[in-house]
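**Q** One letter stands for each residue in the lines below.
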Amino acid sequence: MSDLWMRVLNMSLAGSVVIAIVIVLRLALVKAPRQYSYWLWAAPALRLLCPVGFSAVISLFSVVPVSEIAPVSDGSGFSTVEFGNAIRQVTQTVLPAPDAAASADPQQIALFIGSLVWVAGMAALLIISIVRYCLTKQLVADAVMAEKGVYETDRISSPFILGIIRPRIYLPLDLDEQSKRYVLAHERVHLRRQDHVIKLLAYLILILHWFNPLVWLGFYLMSHDMEMSCDEAALREIVGSGATAEAIPGYSQALLAVAVGKAFPKPSPLAFSESGTGKRIRHVLRWKQPAKWLSPVMAVVCAAIALGCMANPTPAAKPDPRENFMDLAGLSRDEVLKQMGLTGKDLREVGITSAGQPRKDWTYEIYRTEDLQLDLYFLEEQIVLSYQVKFLYDEKGWDEQAKADYNEIKAVLDIKYPNGKGPRHYEAADGGIISLMLEGPFSPESEDYNQDRAIIYVFNQMYVPAR
Amino acid sequence: MEDKRLSHGEWSFMDIIWNHEPVGSGRLVELCREQLGWAKSTTYTRLRILTQKGYAENTASTVRSLISREEAQARESSQVVKEAFKGSLPSFLTSFLEGRAITEKEAAELKRLIDFYKEG
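Chains C and P supply the protein sequences, listed in that same order. Position 94 of the first sequence, counting from 1, maps to 94 under the working numbering, and the rest follow consecutively. Position 36 of the second sequence, counting from 1, maps to 36 under the working numbering, and the rest follow consecutively.
I should point out that these hints are in silico values taken from the structure, not numbers from a laboratory. Be aware that a few hints might be false.
Claimed, not checked - Just the calculated beta-carbon pair ranges, DEER-fashion:
| # | chain 1 | residue 1 | chain 2 | residue 2 | range |
| --- | --- | --- | --- | --- | --- |
| 1 | C | 197 | P | 117 | 21 to 31 Å |
| 2 | C | 133 | P | 60 | 31 to 41 Å |
| 3 | C | 204 | P | 87 | 49 to 59 Å |
| 4 | C | 174 | P | 74 | 37 to 47 Å |
Said to hold, decoys possible - Selected chain P positions facing chain C (in silico; Cβ < 10 Å):
| # | residue |
| --- | --- |
| 5 | 12 |
| 6 | 35 |
| 7 | 49 |
| 8 | 92 |
From the three backbone atoms N, C-alpha and C, an ideal C-beta is built for every residue, glycine too.
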């Protein structure tokens with residue numbers, strides 16, 4: 001559950017960035033037809049629902065300093081943007097660092113509690129919505145059909161759509177004929193655009209991200225854009241059918257007729273109700289027929305923006321570790337030791353491993369220092385072949401800590417070797433490079449197990465941290 | 001019977017009952033589907049509610065009204081006067097007639113009613 005909660009937190013933070021971007025863009029679109037602003041909301045919706053995006057060279061996330069977010073690529077073409085650093089920083093300042101002696105990690109506990117609160121909030125909101133839906137359904141139970149799909153009742157004062165599969169338009173009873181026509185035009189546009197479904201989806205997103213005030217703001221603004229773009233479409237239809245002169249004042253009249261005086265519409269998802277009468281009237285009064293060519297252009301622009309918001313910045317190219325490492329190949333053993341700042345007496349020879357000789361003509365020596373723990377391998381000609389930072393075996397058996405660190409490494413360099421059998425180079429937890437090729441059984445359960453057995457490394461090149 | 005007014009839906013329902021009573025409940029369901037767009041369950045629910053309110057009865061699957069249309073209208077208008085016009089009949093009539101001229105026939109009928117109901 002904590003995992004899921006972390007995921008949702010990440011999605012929410014990413015979505016918040018996109019919402020902020022959309023809000024800024026909307027300001028530029030204030031005088032334009034409202035449907036473009038409405039289309040823009042697809043971007044945050046996608047971002048809030050999809051845990052993954054894709055890596056692209058151009059991403060709107062580039063506006064956010066990349067150090068704050070860590071693009072993580074798993075090589076499959078998909079990547080996520082993780083705000084783990086940001087979250088960890090917050091929790092680290094608020095909570096004490098994990099106490100090595102204590103068995104519980106305060107960060108983990110906080111995360112777990114957070115996930116419980118999140119689920120509780122979702123459950124509460126879901127229950128409230130279901131109750132409201134049932135109450136609304138009951139309210140309009142005795143509505144009388146005026147025409148197919150349209151019902152009238154005197155128990156409501158503003159029209160709405162109820163139902164998802166077979167949605168019905170509910171109208172208040174005391175509407176004059178003209179207003180009724182305009183209201184129906186408006187509601188029918190909603191149905192045609194599947195707005196009732198969209199609003200339900202948006203509400204589900206809201207429930208998922210209920211803890212995020214930006215998402216509430218986004219929902220509120222999206223609803224306004226939905227209504228106003230619907231007004232625009234309805235007006236286009238009304239004007240299209242010939243009633244040009246009276247369309248705008250008539251439509252405003254209709255809006256007034258059904259105004260309920262609510263300043264803040266409740267985000268009720270299934271009883272699809274109207275928002276913000278004052279703003280809508282003002283918008284309607286300013287409405288003009290839009291230029292025909294503008295629509296497809298803006299559609300492309302909005303789609304591009306939506307895509308841009310889904311794109312994660314490509315992970316900063318990891319610096320090539322080879323740049324920091326010195327190539328020791330070709331150096332003699334003494335030179336290598338000198339490079340590494342070791343003298344012969346620092347090394348304790350533990351003997352030559354019998355763990356399989358990759359090539360008969362090679363010999364190798366294993367050296368271990370008290371703290372560095374390195375293995376050096378040499379050819380007969382005493383040319384250094386390899387060098388490793390960490391050693392997984394010591395006299396006591398598996399070095400559990402080293403093994404644990406070892407598990408956290410990621411493949412850094414992908415060097416191809418002939419026969420396909422080459423070592424893999426890993427970056428260890430301490431930043432060093434482990435180059436690893438396993439041969440022969442070396443687990444404690446196997447017959448040939450020998451505590452002194454080393455892991456055999458065969459390299460074409462090797463690297464040592466430059467001093 | 002309650003002191004509340006009937007809703008539009010309930011009026012339409014009673015209208016069907018008054019026009020067709022005594023009516024079998026099955027036929028009533030049909031009529032409500034045609035004229036009101038109601039599903040069968042809706043019709044039965046509303047019938048149950050109106051029966052509880054005392055406006056209709058459903059015995060042996062036959063539905064009858066328990067109150068005549070005129071009486072229902074009388075109740076309704078007196079409720080309107082009470083609720084919206086604080087019980088004042090003149091203000092109700094003024095509002096009702098606002099902007100409208102009454103015909104000779106209406107005037108005569110009103111005069112007859114006034115004389116009939118005048119105290120004394």
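**Q** Hint by hint, which ones does this structure get wrong, listed from lowest number up?
**A** Result: hints 1, 4, 8 break, sorted rising.
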